[in-house]
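Each chain, letter by letter, is given below.
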Amino acid sequence: MSLKSLDPRVTRLELPENPTEPTPKPELDQLITYEVFHQKKENAAYTYVGPVHAANEEVAFLFGKEQYSRRYACTGMWVTETKNVMVTPYTDEAVSVYDVIRIQPENVTENVGKTAENYEIFHLKKRGKAHQHMGTVSATSYEDALAEAKSQFGDKKPCVNVWVIKAADMFRSEEEDKDIWSTTKEKEYREATAYRVLDKITKYKEENPVA
Amino acid sequence: MYGGGNIFEATKFDDLATEDPVKLAEFEARIARGEKIEPNDWMPELYRKQLIRMIEQHAHSEIIGALPEGTWITRAPGFRRKMAQMAKVQDEVGHGQLLYSAAETLGKSREAMLTDLINGKSKYSNVFNYPAVTWADSNIISWLIDAGAIVNQMANAKGSYGPYCRALDRICAEEAFHLKYGHDAVVHMATGSPKQREMIQAALNRWWPPIMTFFGPSDKMSTHTETLVRWKVKMATNDECRQQFLDMYVPKIWELGLTVPDPKLHKNADGVWEYTEPDWVEFKEVINGNGPCNKERLAVRRTAEEKGAWVRRALLAPKKEAKYIKPLA
Numbered sequence: 001m002s003l004k005s006l007d008p009r010v011t012r013l014e015l016p017e018n019p020t021e022p023t024p025k026p027e028l029d030q031l032i033t034y035e036v037f038h039q040k041k042e043n044a045a046y047t048y049v050g051p052v053h054a055a056n057e058e059v060a061f062l063f064g065k066e067q068y069s070r071r072y073a074c075t076g077m078w079v080t081e082t083k084n085v086m087v088t089p090y091t092d093e094a095v096s097v098y099d100v101i102r103i104q105p106e107n108v109t110e111n112v113g114k115t116a117e118n119y120e121i122f123h124l125k126k127r128g129k130a131h132q133h134m135g136t137v138s139a140t141s142y143e144d145a146l147a148e149a150k151s152q153f154g155d156k157k158p159c160v161n162v163w164v165i166k167a168a169d170m171f172r173s174e175e176e177d178k179d180i181w182s183t184t185k186e187k188e189y190r191e192a193t194a195y196r197v198l199d200k201i202t203k204y205k206e207e208n209p210v211a
Numbered sequence: 001m002y003g004g005g006n007i008f009e010a011t012k013f014d015d016l017a018t019e020d021p022v023k024l025a026e027f028e029a030r031i032a033r034g035e036k037i038e039p040n041d042w043m044p045e046l047y048r049k050q051l052i053r054m055i056e057q058h059a060h061s062e063i064i065g066a067l068p069e070g071t072w073i074t075r076a077p078g079f080r081r082k083m084a085q086m087a088k089v090q091d092e093v094g095h096g097q098l099l100y101s102a103a104e105t106l107g108k109s110r111e112a113m114l115t116d117l118i119n120g121k122s123k124y125s126n127v128f129n130y131p132a133v134t135w136a137d138s139n140i141i142s143w144l145i146d147a148g149a150i151v152n153q154m155a156n157a158k159g160s161y162g163p164y165c166r167a168l169d170r171i172c173a174e175e176a177f178h179l180k181y182g183h184d185a186v187v188h189m190a191t192g193s194p195k196q197r198e199m200i201q202a203a204l205n206r207w208w209p210p211i212m213t214f215f216g217p218s219d220k221m222s223t224h225t226e227t228l229v230r231w232k233v234k235m236a237t238n239d240e241c242r243q244q245f246l247d248m249y250v251p252k253i254w255e256l257g258l259t260v261p262d263p264k265l266h267k268n269a270d271g272v273w274e275y276t277e278p279d280w281v282e283f284k285e286v287i288n289g290n291g292p293c294n295k296e297r298l299a300v301r302r303t304a305e306e307k308g309a310w311v312r313r314a315l316l317a318p319k320k321e322a323k324y325i326k327p328l329a
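So the sequences go chain by chain: A and B. Positions 1 to 211 (the working numbering) are the ones given, in order, by the first sequence. Positions 1 to 329 (the working numbering) are the ones given, in order, by the second sequence.
What the hints contain is simulated information worked out from the structure, not anything from laboratory work. It should be emphasised that the depicted structure is a prediction, and the values quoted were computed from it without experimental measurement. Yeah, the Cβ is synthetic: ideal placement off N, Cα and C, and Gly gets one too. Among the hints, a few may not be true.
A short list of chain A residues far from chain B (calculated; beta carbon distances all over 10 Å) [unchecked claim]:
1) E35
2) K40
3) A54
4) S141
5) Y189
Pairs of lysine-lysine, DSS-like flavour, derived with a Cα cap of 27 Å [claimed, not checked]:
6) A:K114 to A:K65
7) B:K252 to A:K125
8) A:K65 to B:K180
9) B:K123 to A:K83
10) A:K126 to B:K232
11) A:K40 to B:K267
12) B:K49 to A:K83
13) A:K125 to B:K195
14) B:K284 to A:K129
15) A:K205 to B:K267
16) B:K326 to B:K158
17) B:K108 to A:K65
18) B:K123 to A:K4
19) B:K252 to A:K203
20) B:K323 to A:K126
21) B:K284 to A:K4
22) A:K83 to B:K284
23) A:K126 to B:K23
So the derived list for chain A, only partly shown, Cβ under 7 Å to chain B, looks like this [to be verified]:
24) A55
25) Q67
26) E188
Given only the sequences and the hints, what does the whole structure look like? Please build it.
Listed below in structure tokens is the structure:
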């Protein structure tokens, strides 16, 4: 016997009425995770919006765009694989994380031959809120980047947590593709403001007074 | 939508006796200060377990909840309604993804959650085991089930777990459209032709009993519940949510000249709503797999998972060295 549904499309699938025991999903069936940052308006700091699952960064970007810019104004998006994010401990809100972490001073000889590159620095101001981009530092390692962040942004308080990401690991929307963020007027049907029912209700009440 | 009616597991182990008292005190002090808990913080096992259970159920409810309304996309009257219905259903699936990620930060993988959904081990909101018989049923779901979910989600958004709060803030903002869309659809039917009025009233009659069970049975005020309230996992009792829902929406139903199929339903002078106690025996029966649509919902979900498996495998193939890391926040 196959499953009968009110929806003919479901009935046409001819699904078994008593299915076999499903097999558990294999590892990585849901792919890997990426962290997504968005820019709400021009010149605003990029802010963390949440993760997506995807197989590569291009698809992660597309999913991020769909998931996080569909309903909100957005002028730019950055995406990076979760493993690329170096995370400090989280502190109490009264304490700045820079005052708690011990940053190993870089050994000068170790740095010989290493070229500096850019790292993006994100601060979390309050637990439960979202990490915000503070700026870019030039450094030779994550550790060095954190030390540099402390000297540049250490006085920006409160700060309960810092994320450090290599700039080269960030997949970013391009300035010239900016038109991908504009929504058309025809999509007003998905805004709450497109639905005005008060007139209909008032008219109905006038025509059908309660006895 | 669609949290609501969470039934918390009765834990077998002695809840807190095995926890480190110093860490537990710090954890409780943080919550008492109004600070959120973030994924890497120390937390009691009970907190982790209950949150995974609650957020996972909420996520499942979003994607299963998309099915009764999704059914009506192709048959929605007119192009604009098809587009709007599609946008709403897309939102619900998006909410599912946000919530799965929030639950993942607590240590359960999305694979494990989806497996437990399909094999019936995890639950989802019981109302979705009922069919959307007509377009009017879909309208009632869009309006009143979403309204119930918003009551629940607004409360939970003030909870203590950071990733869940972040997800709920986004979800609540998107729900504003759903609620207006649903209300508009119901008003359109209720102020339309006699046939339309008849359809919407019939749908309301079908959905009222499940709606009344949406927030779950009255909470037993055990030590266990008190602990979850203190930890800001449980933000309002099921009865408080139900009362708030009735207070906000029954007048809106009545003003359209529709009737609620419960002769006992009225508001007392002290502002408390009285109603016929929902049929909790049926509620249990349906949760345990014997509702009108349980089999269909899981079969459809399972088919979608199985039919998409080759796509996910193909996408991953060039990246064999890929390693799963749980999302950060």
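Cross-check of the supplied hints:
For E35 of chain A, the requirement that its beta carbon stay farther than 10 Å from each beta carbon of chain B is not met, with the minimum near 6 Å. With a least CB separation of 13 Å from chain B, K40 of chain A remains clear of the 10 Å interface cut-off, as annotated. At roughly 8 Å, the least C-beta separation between A54 of chain A and chain B is not larger than 10 Å, which violates its mark as non-interface. Under the 10 Å C-beta cut-off, the non-interface status given to S141 of chain A relative to chain B holds; the minimum distance is some 20 Å.
Not every CB of chain B is more than 10 Å from the CB of Y189 of chain A (nearest about 4 Å), against its label as outside the interface. A distance of roughly 36 Å separates the Cα atoms of K114 of chain A and K65 of chain A; the hinted pair therefore is violated under the 27 Å criterion. Restraint check for K252 of chain B and K125 of chain A: not satisfied, since their Cα atoms lie roughly 41 Å apart, outside the 27 Å limit. The straight-line distance between the Cα atoms of K65 of chain A and K180 of chain B is roughly 25 Å, inside the 27 Å bound, and the hint therefore holds.
With a C-alpha separation of about 31 Å, the suggested pair K123 of chain B and K83 of chain A falls outside the 27 Å cut-off, and the hint is violated. Distance hint between K126 of chain A and K232 of chain B is fulfilled; the C-alpha atoms sit about 18 Å from each other, no more than 27 Å. Distance hint between K40 of chain A and K267 of chain B is unfulfilled; the C-alpha atoms sit about 45 Å from each other, more than 27 Å. Between K49 of chain B and K83 of chain A the alpha-carbon distance is near 25 Å, which keeps this suggested pair within the 27 Å criterion.
The hinted pair formed by K125 of chain A and K195 of chain B fails the criterion: a straight-line CA distance of about 56 Å is larger than 27 Å. For a cut-off of 27 Å, the pair hint linking K284 of chain B to K129 of chain A is broken: about 38 Å separates their Cα positions. Between K205 of chain A and K267 of chain B the CA atoms are separated by roughly 22 Å; this keeps the pair inside 27 Å, and the hint holds. For the hint linking K326 of chain B to K158 of chain B, the alpha-carbon distance of about 24 Å falls within 27 Å, and the restraint holds.
As the CA atoms of K108 of chain B and K65 of chain A are separated by approximately 25 Å, the hinted pair is consistent with the 27 Å bound. For the suggested pair K123 of chain B and K4 of chain A, the alpha carbons sit about 23 Å apart, so the restraint of at most 27 Å is met. For the hint pairing K252 of chain B with K203 of chain A, the CA-to-CA distance comes to about 15 Å; that is within 27 Å, so the pair holds. Between K323 of chain B and K126 of chain A the alpha-carbon distance is near 30 Å, which puts this suggested pair outside the 27 Å criterion.
For the hint linking K284 of chain B to K4 of chain A, the alpha-carbon distance of about 24 Å falls within 27 Å, and the restraint holds. Restraint check for K83 of chain A and K284 of chain B: the C-alpha separation of about 43 Å exceeds 27 Å, so the hint is violated. Between the alpha carbons of K126 of chain A and K23 of chain B the distance comes to roughly 21 Å, so the proposed pair stays at or under 27 Å and holds. With its C-beta approaching chain B no nearer than about 4 Å, A55 of chain A sits inside the 7 Å limit, and its interface hint holds.
Nearest Cβ of chain B to the Cβ of Q67 of chain A: about 6 Å, under the 7 Å cut. The hint holds. Below 7 Å, beta-carbon pairs count as interface contacts, and E188 of chain A has none with chain B, the closest being about 10 Å; its hint is therefore violated.
In this structure, the earlier hints numbered 1, 3, 5, 6, 7, 9, 11, 13, 14, 20, 22, 26 are contradicted, and the remaining ones agree with it.
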